[in-house]
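A.B. asks: What follows is each chain in one-letter form.
2 protein chains.
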Amino acid sequence: MEFGLQISQKIGFSPWWSNAISLVDRLSTRVAEFFSKVKKIGEDDPRRIGHSFKVGLALTLVSVFYYVTPLFVGFGVSTMWAVLTVVVVMEYTVGGTLSKGLNRAFATLLAGALGVAAHQIAIHCGEKGEPILLGLFVFVLAAAATFSRFIPEIKARYDYGVTIFILTFSLVAVSSYRVDELVQLAHQRLSTIAIGVVTCLCTSVFVFPIWAGEDLHKLVAGNLEKLASFLEGLSAECFAEKGGIENLEGKTFLQAYKSVLNSKPTEDSLANFARWEPSHGRFRFRHPWKQYLKVGALSRQCASSMDALATYIITTSTKSKTNTDPDLPLRIRAACKEMAAESANTLKELSTAIRTITVPSAAGRHASAAVAAIGKWRDALSDDTALPQVLHVATTASLLADLVLRVQKIAGSVEELASLAHFKQPEPPVHDAKIKPVADEESPSHLSITLEK
Amino acid sequence: MEFGLQISQKIGFSPWWSNAISLVDRLSTRVAEFFSKVKKIGEDDPRRIGHSFKVGLALTLVSVFYYVTPLFVGFGVSTMWAVLTVVVVMEYTVGGTLSKGLNRAFATLLAGALGVAAHQIAIHCGEKGEPILLGLFVFVLAAAATFSRFIPEIKARYDYGVTIFILTFSLVAVSSYRVDELVQLAHQRLSTIAIGVVTCLCTSVFVFPIWAGEDLHKLVAGNLEKLASFLEGLSAECFAEKGGIENLEGKTFLQAYKSVLNSKPTEDSLANFARWEPSHGRFRFRHPWKQYLKVGALSRQCASSMDALATYIITTSTKSKTNTDPDLPLRIRAACKEMAAESANTLKELSTAIRTITVPSAAGRHASAAVAAIGKWRDALSDDTALPQVLHVATTASLLADLVLRVQKIAGSVEELASLAHFKQPEPPVHDAKIKPVADEESPSHLSITLEK
Numbered sequence: 001m002e003f004g005l006q007i008s009q010k011i012g013f014s015p016w017w018s019n020a021i022s023l024v025d026r027l028s029t030r031v032a033e034f035f036s037k038v039k040k041i042g043e044d045d046p047r048r049i050g051h052s053f054k055v056g057l058a059l060t061l062v063s064v065f066y067y068v069t070p071l072f073v074g075f076g077v078s079t080m081w082a083v084l085t086v087v088v089v090m091e092y093t094v095g096g097t098l099s100k101g102l103n104r105a106f107a108t109l110l111a112g113a114l115g116v117a118a119h120q121i122a123i124h125c126g127e128k129g130e131p132i133l134l135g136l137f138v139f140v141l142a143a144a145a146t147f148s149r150f151i152p153e154i155k156a157r158y159d160y161g162v163t164i165f166i167l168t169f170s171l172v173a174v175s176s177y178r179v180d181e182l183v184q185l186a187h188q189r190l191s192t193i194a195i196g197v198v199t200c201l202c203t204s205v206f207v208f209p210i211w212a213g214e215d216l217h218k219l220v221a222g223n224l225e226k227l228a229s230f231l232e233g234l235s236a237e238c239f240a241e242k243g244g245i246e247n248l249e250g251k252t253f254l255q256a257y258k259s260v261l262n263s264k265p266t267e268d269s270l271a272n273f274a275r276w277e278p279s280h281g282r283f284r285f286r287h288p289w290k291q292y293l294k295v296g297a298l299s300r301q302c303a304s305s306m307d308a309l310a311t312y313i314i315t316t317s318t319k320s321k322t323n324t325d326p327d328l329p330l331r332i333r334a335a336c337k338e339m340a341a342e343s344a345n346t347l348k349e350l351s352t353a354i355r356t357i358t359v360p361s362a363a364g365r366h367a368s369a370a371v372a373a374i375g376k377w378r379d380a381l382s383d384d385t386a387l388p389q390v391l392h393v394a395t396t397a398s399l400l401a402d403l404v405l406r407v408q409k410i411a412g413s414v415e416e417l418a419s420l421a422h423f424k425q426p427e428p429p430v431h432d433a434k435i436k437p438v439a440d441e442e443s444p445s446h447l448s449i450t451l452e453k
Numbered sequence: 001m002e003f004g005l006q007i008s009q010k011i012g013f014s015p016w017w018s019n020a021i022s023l024v025d026r027l028s029t030r031v032a033e034f035f036s037k038v039k040k041i042g043e044d045d046p047r048r049i050g051h052s053f054k055v056g057l058a059l060t061l062v063s064v065f066y067y068v069t070p071l072f073v074g075f076g077v078s079t080m081w082a083v084l085t086v087v088v089v090m091e092y093t094v095g096g097t098l099s100k101g102l103n104r105a106f107a108t109l110l111a112g113a114l115g116v117a118a119h120q121i122a123i124h125c126g127e128k129g130e131p132i133l134l135g136l137f138v139f140v141l142a143a144a145a146t147f148s149r150f151i152p153e154i155k156a157r158y159d160y161g162v163t164i165f166i167l168t169f170s171l172v173a174v175s176s177y178r179v180d181e182l183v184q185l186a187h188q189r190l191s192t193i194a195i196g197v198v199t200c201l202c203t204s205v206f207v208f209p210i211w212a213g214e215d216l217h218k219l220v221a222g223n224l225e226k227l228a229s230f231l232e233g234l235s236a237e238c239f240a241e242k243g244g245i246e247n248l249e250g251k252t253f254l255q256a257y258k259s260v261l262n263s264k265p266t267e268d269s270l271a272n273f274a275r276w277e278p279s280h281g282r283f284r285f286r287h288p289w290k291q292y293l294k295v296g297a298l299s300r301q302c303a304s305s306m307d308a309l310a311t312y313i314i315t316t317s318t319k320s321k322t323n324t325d326p327d328l329p330l331r332i333r334a335a336c337k338e339m340a341a342e343s344a345n346t347l348k349e350l351s352t353a354i355r356t357i358t359v360p361s362a363a364g365r366h367a368s369a370a371v372a373a374i375g376k377w378r379d380a381l382s383d384d385t386a387l388p389q390v391l392h393v394a395t396t397a398s399l400l401a402d403l404v405l406r407v408q409k410i411a412g413s414v415e416e417l418a419s420l421a422h423f424k425q426p427e428p429p430v431h432d433a434k435i436k437p438v439a440d441e442e443s444p445s446h447l448s449i450t451l452e453k
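Chains as they are written, first to last, in the numbering used here: chain A, 1 to 453; chain B, 1 to 453.
Honestly, I wouldn't trust all of these hints.
Identical copies look the same in the list; a pair holds intra-copy or inter-copy alike.
[Stated by the list, open to error] With a straight-line cut-off of 30 angstroms between C-alpha atoms, the simulated BS3-like cross-links for lysine-lysine are:
| hint | residue 1 | residue 2 |
| --- | --- | --- |
| 1 | Lys424 | Lys155 |
| 2 | Lys294 | Lys337 |
| 3 | Lys218 | Lys251 |
| 4 | Lys251 | Lys348 |
| 5 | Lys40 | Lys218 |
| 6 | Lys424 | Lys348 |
Hints are computed from structural coordinates only; laboratory data are not their basis.
Hey, can you work out the whole structure from these sequences and the hints?
C.D. replies: The structure is reproduced here in structure tokens:
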């Protein structure tokens, strides 16, 4: 029995011990992973650390109003509103802080005045009528203001202001039923909110300022550079004299344009904030930020074309077999190389021009050279009069074939959704066709041909 | 002299009068425009009007706590927090309200507890040490919490919670210096915030609920339908036996896919909110919302392919001249028509399957037919062994040519930016090349050919 007890002790003890060790192990790996992730976020953009300290600084500054008795006596409990304002108004960029601060200040002023007016009207309606009328006012104004947020222009610029308007009007109108010195209270709140906004603005502008306009400027220039690196890679790897379009799937340059495709929300919000920013560095107050959005939209269209091209190249490169070498493709290839290289040069020039705020001088020359290369390609083809006709239809067909494969992928994905979400079976099971996932190597979707080496 | 006076009176009077009339005219047109816009926003989605009334209702409900004396006595001025909570927590969808409400409740609880703990530590440091230590706590926690918002996972789901955490901790820690009955105050605030959250949730869930999940479901299905309508239009207008690719620029079906390209932010936010929603209608709590995002991402890729195809077709259709009719293009065109039509059928089937939550039965058949059409196109080409080689290079070149034109458009746009933003001239003016804006009719960018009629 003693032996059995020892064993059971051993069994009981060992798993607990090893479990605990493995738990600690897993936990420490997790913690280490988390910290390396946090470190990376800080290293990617050290301004993030600066921003975090700025928020701490602004909060500590504004809380001095609590600690210093003569300051506190002036505002009383309303000092709370200064702290509250700092927390919600402080944004990453100067423009963001300005936009929120001004929205908050003006909305509070307007809603406070309307709230006091509502109170003045309501007190003439007697003991019982007052809360009913106040309730009606709050209902109508809150509903109207909420609806106004669906208007795109208001949503983009004054969304926060509308929230604060509803908030302040409700607070003033409703609490006017209980508070006697309403005007004094409103005055205290306004002053403390102003203190909060001013604290935020000073911290934003004077301590390592982060300008939304500058970020937008850099983002747009950087995106042009990414597009250029795709074309450079293409010209070097695909159309080089000794190169060939084979096994390109892993190449990094084929991914370069991808982040550009989803840049719209970031650009829109930066441009929205940049409008509020005062003149800073090389940017005036009325800098043409909207034009950056136009360049951004064209860049995304360009990235979309690159997506079509990259997909086509990757799909065909994986099943390249033929290796003939007539003259025609060589000439076309030279034209392709020129188109890609000159377009890359154009984009690089444009990116540098934006970065250095200099008129792009050489970009026009490169762009013209790229367009001239299109002409060379056309000339290479026009030797055979029957060919162009076929080529046009065939290009359309190639693009369509890519589309067909992408639709098939969607079909597979929806089928997966149907099984994950337990979609019901169709009532009369007429067809029992199954969607086969796309196996790129086997599908008869593309011509099994390549550029000759 | 009297005559002169009359004239000057007439001159002085008439402009003021007509100015006023034209001002009133312009103003009334503006107001009429504004109201027709507002009406359209309401008609586009009548649930917006419902939401506005719901916000008004929730606010009126929660302000009852002010008007009814026994309720007010229990909470005092803290009742304000209930009103404040309703204004900031109430969102358009149930998931949004739930996400914000839970974030607010838990962040307040956690930060409140930490704030009380910070106060307990600080009071042991004497009269002078207390504000310094409290300030230090606020600084460190606010900085750390702000930095945590840069972690993408936290930003996506708990951004609002972190704001409330900083807010509550600062308020509790800082005001603990002045307030004696801290725990009672914290208790009152928590209760009133809970009242606010519960009011919002009840109004959201029980009065015309708007589910983020259902919206996501409909959005994804609707996007598939849009893609299908592009392909249907293509098959009917471009590859019909009597049709031809000419003057397509104005056709609406060529725009059908465009809104799909920018659907990512909406889908992301809806999926984020849908995760919080309880089981409703045909959707369980753990519905695979992530799979919808996958379908959405593939739909955007598909739309990107359509963009390349539509651009190619539009550019070439405007300068179509040749009208020969060999057999080869006819066969290719038939294959194209089949690819487009069958893909459109696939997408329509998938959209209907999602809409009706039924396993897609016929979609697989249509997808296979579309892939089979790719084979037919390949067969049509393989009659001539030299052709495929040329075709591949030519397709690549076509896509590149589109890219070149898009790059040229970017160049024009940046040039416009340079003039709007007064970019400086480059130092040594070596080149004086000018970028000529792209004139689509004249640029030698594409083959001037069409499909035969």
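A.B. asks: State for each hint whether it applies.
C.D. replies: Each hint tested on the structure:
no., hint, result
1, Lys424 to Lys155, "neither (39 angstroms within a copy, 36 angstroms between copies)"
2, Lys294 to Lys337, "within (28 angstroms within a copy, 35 angstroms between copies)"
3, Lys218 to Lys251, "within (26 angstroms within a copy, 37 angstroms between copies)"
4, Lys251 to Lys348, "within (20 angstroms within a copy, 35 angstroms between copies)"
5, Lys40 to Lys218, "within (21 angstroms within a copy, 38 angstroms between copies)"
6, Lys424 to Lys348, "between (54 angstroms within a copy, 18 angstroms between copies)"
Checked against the numbered hints given earlier, this structure breaks only hint 1.
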